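Q: One line per chain: the protein sequences are G and Y, in this order.
So the first sequence is numbered by our numbering: it starts at 1 and just counts up by one.
So the second sequence is numbered by our numbering: it starts at 1001 and just counts up by one.
Just so you know, these hints were derived from the structure itself, not from any lab.
Bear in mind that the values here come from a model prediction, so they are computed numbers and not experimental data.
There's no promise every hint is true.
Among the chain Y residues that face chain G by a calculated CB cut under 10 angstroms, a handful are [said to hold, decoys possible]:
no., residue
1, G1173
2, Y1185
3, A1192
What follows is a list of derived Cβ distance ranges for each label pair [what the hints assert, rightly or not]:
no., chain 1, residue 1, chain 2, residue 2, range
4, G, T118, Y, G1125, 45 to 55 angstroms
5, G, R42, Y, T1005, 32 to 42 angstroms
6, Y, W1090, G, A123, 52 to 62 angstroms
7, G, L27, Y, I1068, 22 to 32 angstroms
8, Y, T1085, G, V193, 30 to 40 angstroms
9, Y, L1065, G, V39, 34 to 44 angstroms
10, Y, S1015, G, L75, 49 to 59 angstroms
11, Y, W1090, G, I8, 51 to 61 angstroms
12, Y, Q1009, G, L27, 31 to 41 angstroms
13, Y, A1117, G, V107, 22 to 32 angstroms
14, G, G156, Y, A1035, 30 to 40 angstroms
Which bits of chain Y does chain G cover? Going by a derived footprint, with three or more residues having C-beta under 8 angstroms, they are [stated by the list, open to error]:
no., stretch
15, 1080-1089
16, 1151-1163
17, 1204-1211
Cβ coordinates follow ideal geometry from the N, Cα and C atoms, glycine included.
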Amino acid sequence: MSWVFANISMLAHLTGQNAYLALVPVLIGLVISVPLGIVCARWSWLYSPVLSITSVLYALPALALFVVLIAYTGLTDTTVMIPLTVYTLAVLFPSVVDGLRSVPEPVRQAAVAMGFGTWRRLAFVELPIATPVVIAGLRIATVSSISLVSVGELIGIGGLGYLFEDGQQRDFTTEIVTGIVLIIVLALVADTVLVLARRWLTPWQRGAGGDSRLPILRATLRGRPGAGLT
Amino acid sequence: MSFFTFAWQWLTLASHWHGSAGVPARLIEHIEYTAIAMVIAAVIALPAGVAIGHTSRGGFAIISLANIGRSLPTLGLLILVFVLTSGASWAWLIPLVALAIPPILVNSYEGVLGVDADLKDAAAGMGMTSRQVLFRVEVPVALPLILLGLRTATIQVVATATIAAYIGIGGLGRYIIDGLAVNNYGEVAGGAVLVVLLALLVQFAFVGLARLVVPAGLRKQAQQS
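This is chain Y alone, in the form it adopts within the complex (with noise of 0.2 angstroms):
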């Protein structure tokens, strides 16, 4: 139990919470590292997925760039990119985009891939062109799979974005990486404690958003989360 009472006796020190330095800035710091992060992947994986299940061609290149994927060292990558560029304070971009594109990728591509192809054969009978079966069939159908791909990937970069205090820029991961610096368990505790509420947060978004955006017909099968 100690470790919530350090991490308690840490969060609520008011002198925590403001400046520079304080929960606010460094919170809004993880944000941003996570979301340009999630947009380049996303605009990456998402269309490369939906198209490849589309066409169902390369499925087996997909899933095998997603193995390596997942087995790239996070840390690993950020050091070599923190090398090669001499120390770009923008290193940290890569590995977050890496570790984001996997998930995203397979995702949209199984769920454009499973939908039901008397689905497809009924909205091609209708007079929809390939293009509208994909837009207006295809993808409200895989949407909750696009979304769970989409949360999975957005709650690994929000746990990961903390290696960017390792290469000496903000973010949650300053109180984790400076609390191990000066042997600092409080810090380091309540740098945790914030890291994962703030996942939680993503956790929640992902499920309203997907009250928003799945089709009603759809939801009672979508029950993943």
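Isolated chain G (complex conformation) (with noise of 0.2 angstroms):
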């Protein structure tokens, strides 16, 4: 423990590079996925296409994706930042489809009953419908996104991930473990937000319990990107 607080400022600047490296990709993996979401669940027949590539993108081990970018970007941050924002794109995508076709069929006719056109249908009707489906995809993107920073470690961007391979040289427990929990706490940190931030974006859920949670499972039960570790 007090390994802990002599090195409190050392910890501070690590967790900030961690959730720097971690949210910066879920950004920008929530500003591709959107677009892209919209398009494939207007035009559907681009959806299974499109999900093929975002599947075969989830299964790139992490590690090998750090190494071979290394030759294009070199050894600097944005190395790390692609292949996160990569499996962001790959778990929110499909989260962004689910969530608009969860929009009610008379929900949708009543909007064009109204006198709704497509653009105003979609911002005011459709996304605010599949936002709590976003975000459960999300919170599944930030945090896994979290925990995978560490493996930049390997190429020596790592966040919190420093660390592990500090710790495993002066085979000292104690930097190990601090390192795994302050990305727990990181995460779970970053999870609350988001669930806060449902709350705050869909009032209309939090009385009588909406009952859009099944998409919302199936958006959860995709998992994280698998790409996991190296």
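Each chain sits in its own coordinate frame; assemble them with the hints.
A: If you want it as structure tokens, here you go:
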């Protein structure tokens, strides 16, 4: 424990770096997934080819991607962020499509009858209804991204992963455990923020309990980007 | 495109396909690690998920556990187990099992929990015991989701089993770690391609398996892959 207090500023720095390396890719992944999901929900024949591409990307080993990218982007943050963006995309894209497909047909028709055009319907009806499902996917992507950053340590850019390699070299368990605990805490904090964001964004679900649970489940069930570690 | 050129050049060199460091031997090791980790994870997570879905008690605990499981850094866990056991050669097993458990657990739980209440009523009305309802109705109906969980877990484990090489064991990760150590780009690329091909194979195998074991009446609804 005394080691933790003695190194508190280093730990804070690494935690910040870990959060930065993990969350920027999640944001970029979200920015790509939403329009891609909208397109694939609208022209549904596109969905399965795009899904098979993202599933292949999902199976790429993270370490291999890092190493391969060094040739293009060098030993920079970008090298770590590109694979994490790819994994976010793989998890989030199906959630966006599932979310948009979860919009009940009568709701869509009601919006049309009220004179909503395609774009207004998308922005004010369909996307809000899809939000819980998208956030369910976002939670998995965020948690996985935070924990995957540490693999970047094998190429020298790994946020809290630094503690793993350093702890191994010094045969110092406390340091390794601290790294694991901080990653879990960071992930739980980010997850809580997302849950609060969902409550705030979908006030209509707070009360009597909406029944859009099923599509949310489907998004949750996909699990984390496999790509896993190395 | 140079990635594929490098990978292709490395993969097509005949000398890389022989002996204990050759592709077939490494591939078998990789499949071995994956299979062992998956069997252990399934033995733990499948009964637990199905039981909790059946009784619908403890669901909150399951979801929280899975969430924490997803945030566990696999590399950190690997190094921790390795250091704690002073370098045991089986240290790779713990992080892989920990990685595979959450998707299997959550999917089997949600699958069984989500079975239509009318179906269960009908089964009970036909005189089935709670046990029969579980094994003849709930589990078969939940099978598409259970298989999806197993598939997700297997693909993750295939991609992640590469870390076994980090603690000096075999598998396809050897090519990636060794290639990184000596700056042999082709070797890394070749290793990565092999891992992805294996993951794709797993994907197809599970789609085939689903055709075989999922009851015909359910297949239409289960178009998830």
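Q: Looking back at the hints listed earlier, which ones does the structure fail to meet?
A: Hints 10, 11, 17 not satisfied by this model.
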